[in-house]
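From first to last, the protein sequence lines stand for chains A and B.
Quick note: the first sequence uses the working numbering, first residue 1, plus one each step.
Quick note: the second sequence uses the working numbering, first residue 361, plus one each step.
No wet-lab data here; the hints were simulated from the structure.
If you want a taste of the chain B side facing chain A, the calculated C-beta under 8 Å gives, among others:
#1 E544
#2 L566
#3 A592
#4 N627
#5 S693
#6 R695
#7 L696
Below, a list of computed lysine to aspartate or glutamate pairs in the DMTMM-like style, where the Cα atoms sit at most 25 Å apart:
#8 A:K286 - B:E654
#9 A:K286 - B:E558
#10 B:K646 - A:D212
#11 B:K698 - A:D212
#12 B:K620 - A:D212
#13 A:K260 - B:E558
#14 B:K714 - A:E6
#15 A:K354 - B:D572
#16 A:K354 - B:E712
#17 B:K646 - A:E297
#18 A:K354 - B:E366
#19 A:K286 - B:E556
#20 B:K701 - A:D212
#21 A:K286 - B:E657
#22 A:K260 - B:D572
#23 A:K338 - B:D572
#24 A:K341 - B:D572
#25 A:K286 - B:D572
#26 B:K646 - A:E294
#27 B:K620 - A:E198
#28 B:K714 - A:E352
#29 B:K646 - A:E196
Source: prediction; values computed, not measured.
We put the CB at the ideal spot given by N, CA and C, even for glycine.
Protein chains: 2
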Amino acid sequence: MMIHNEMTKLLKIKYPIIQAPMAGGITTSKLVTATSNAGGLGMIGAGYMTPVQMQEQIKEIKKLTSKPFGINLFVPSPFQVSEDGIKAANQALNPIRQQLNLPHTDSFSISDHQEVVATFMEQIKVVIEEKVPICSFAFGIPPQDVIAELKQHNITLIGTATTVTEAVENEAAGMDLVVVQGSEAGGHRGGFINPEQEGAVGLMALLPQVVDHIRIPAIAAGGIMDGRGVAASICLGAQGVQMGTAFLTCVESGAHKVHKEAILNINEDQTVLTRAFSGKWARGIKNHFILEMEHHEVFLPDFPVQNTLTQDIRKAAAIQDNPDFMSLWSGQSPRLAKSQKVEALMENIVAEIKQINWNI
Amino acid sequence: MMIHNEMTKLLKIKYPIIQAPMAGGITTSKLVTATSNAGGLGMIGAGYMTPVQMQEQIKEIKKLTSKPFGINLFVPSPFQVSEDGIKAANQALNPIRQQLNLPHTDSFSISDHQEVVATFMEQIKVVIEEKVPICSFAFGIPPQDVIAELKQHNITLIGTATTVTEAVENEAAGMDLVVVQGSEAGGHRGGFINPEQEGAVGLMALLPQVVDHIRIPAIAAGGIMDGRGVAASICLGAQGVQMGTAFLTCVESGAHKVHKEAILNINEDQTVLTRAFSGKWARGIKNHFILEMEHHEVFLPDFPVQNTLTQDIRKAAAIQDNPDFMSLWSGQSPRLAKSQKVEALMENIVAEIKQINWNI
Chain A
1 MMIHNEMTKL
11 LKIKYPIIQA
21 PMAGGITTSK
31 LVTATSNAGG
41 LGMIGAGYMT
51 PVQMQEQIKE
61 IKKLTSKPFG
71 INLFVPSPFQ
81 VSEDGIKAAN
91 QALNPIRQQL
101 NLPHTDSFSI
111 SDHQEVVATF
121 MEQIKVVIEE
131 KVPICSFAFG
141 IPPQDVIAEL
151 KQHNITLIGT
161 ATTVTEAVEN
171 EAAGMDLVVV
181 QGSEAGGHRG
191 GFINPEQEGA
201 VGLMALLPQV
211 VDHIRIPAIA
221 AGGIMDGRGV
231 AASICLGAQG
241 VQMGTAFLTC
251 VESGAHKVHK
261 EAILNINEDQ
271 TVLTRAFSGK
281 WARGIKNHFI
291 LEMEHHEVFL
301 PDFPVQNTLT
311 QDIRKAAAIQ
321 DNPDFMSLWS
331 GQSPRLAKSQ
341 KVEALMENIV
351 AEIKQINWNI
Chain B
361 MMIHNEMTKL
371 LKIKYPIIQA
381 PMAGGITTSK
391 LVTATSNAGG
401 LGMIGAGYMT
411 PVQMQEQIKE
421 IKKLTSKPFG
431 INLFVPSPFQ
441 VSEDGIKAAN
451 QALNPIRQQL
461 NLPHTDSFSI
471 SDHQEVVATF
481 MEQIKVVIEE
491 KVPICSFAFG
501 IPPQDVIAEL
511 KQHNITLIGT
521 ATTVTEAVEN
531 EAAGMDLVVV
541 QGSEAGGHRG
551 GFINPEQEGA
561 VGLMALLPQV
571 VDHIRIPAIA
581 AGGIMDGRGV
591 AASICLGAQG
601 VQMGTAFLTC
611 VESGAHKVHK
621 EAILNINEDQ
631 TVLTRAFSGK
641 WARGIKNHFI
651 LEMEHHEVFL
661 PDFPVQNTLT
671 QDIRKAAAIQ
681 DNPDFMSLWS
691 GQSPRLAKSQ
701 KVEALMENIV
711 AEIKQINWNI
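Just need the whole structure built from these sequences, with the hints factored in.
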């Protein structure tokens, strides 16, 4: 083993396995480099990072590995923000703040779309300056001039798609590869055209329909945790996989211990898609916060407004080791999650694929 | 090809492919026997049939094939029915009846749970009398004495599970095999413990978690349409597949032509899970009826009450070739659906599996 294909060639990796660029402190330099050093592709989830934070982590990673690694950015999309909307959202959030001994809040300074775009452009600048070999995108496709500039610097680009149309648009825009994210995936849905959770398509259905319509390599994502999932993805037409939850519970990940423990203790039907934490649909373990926010679903502000508004709550919950109000992102295969080292995860996958009894 | 395993041995079939027992006139004797004659397992969707209708079709099928075939029954579960509930439901349905030139209705004679159980017991009697070799169940596990009697008559039993727990309970109750139904599947969700649609798990995640907890053969269902899906299911630990939508658009199926055309013309993200038609969650193409019923979601009566109440609407819509008010069940892979003969579908699957480039 293992498959040497266009994906491994483009990314210059041994195994077609990407550690998903989970945002919010999970993708420590240890996690990223352990993955890359084990023959996969480690990725920094830089969506919420400042350009300075990005630069620091990239430099740190370069000291720990000579292997390729990647970074993921959030493509800004226009959003609505109003005083009234923020007021209504805070009215829903203040009782929760009280439970966590946080002060009530009535207003918030929220970046507008232009400021978000300016930060994104600075992040792109860091990627180019630091010569990060691979850059992936969630929530959209960057403007044509940004893509052109990145390509000019020989940076390999990966898009994200949750539908056939999104995959086709990623290819048309010049992405070199595309992550095909099924409904099983934990964390944010990375798509940009069909934002409704009811349109979320399972990977078994989505993957073959996508690969019938694109020529660039497809990378399967969503619920994949072991060699069985990797082999199945390849049967369905993908060239490799991107795994989030499987890496999140690894020793090297920066996920909160309460978050890791929660995943290791739930069943497969205990995650839900929710807009409660950020304003964008994401899959996480159903907890008190999600249940309470269900009553306010209609009034939830857009991403990234809601994300900013819930920041103090998530931080306080983490400090208090309180899973009730943390964003416990998880895919739909928690029963397959293990507390292990990245090296063991990677070795097990390779061994499992060899064991599959392909007696046809 | 092809896999000779416990599943093909238990069912006495050549290929580990089951034509899903879709209820409501889709599983014509032609569809069932074409499947069985092509080396798969044809199945009668008898959930809504009277014992007499069942007997007639079983006798007809026996004349058309000497190969094994199966039948599927709905296991009754207790339900609530009240005068007020029916009145409220009819208030929501009457404007739709008007659009279809149907008379308004305010009441309905609805069978109670005891009557439903009595019919189920008569259906079981027919299965035994007619020596149907295989019987599968949706919506639950039959009582222990029913299982014992069927087994005494050497009838092979297949349960349905949408979660690990349901699969484990099916095995414990004595089922010989279990269909593992992912969130991608069209038509009714066949489970019985977690009835919430938000807990629907994608097959890529569900299948490996299930097979880790059972010893009986798992049959993958949901979004599988071709050889890629069959191969992927086997990688994930299933012994074979059950396919609905792939057979529904076949020439031999009894599905309404408007239904077949609708599937052939939609994208992968245009189906939704809805309780609108029957009171139980089922996946179908999002149409006017589903949209209108969304406003009444909270008041929808239980299955089978809502199913009885919407019967006149679905019938009139079918007669009028009006897809707006028909139950257009479909899985999440409509782009892979074809108008073809069952023989071609089966031959293509076998050929596709041979072509998969398993260069590990």
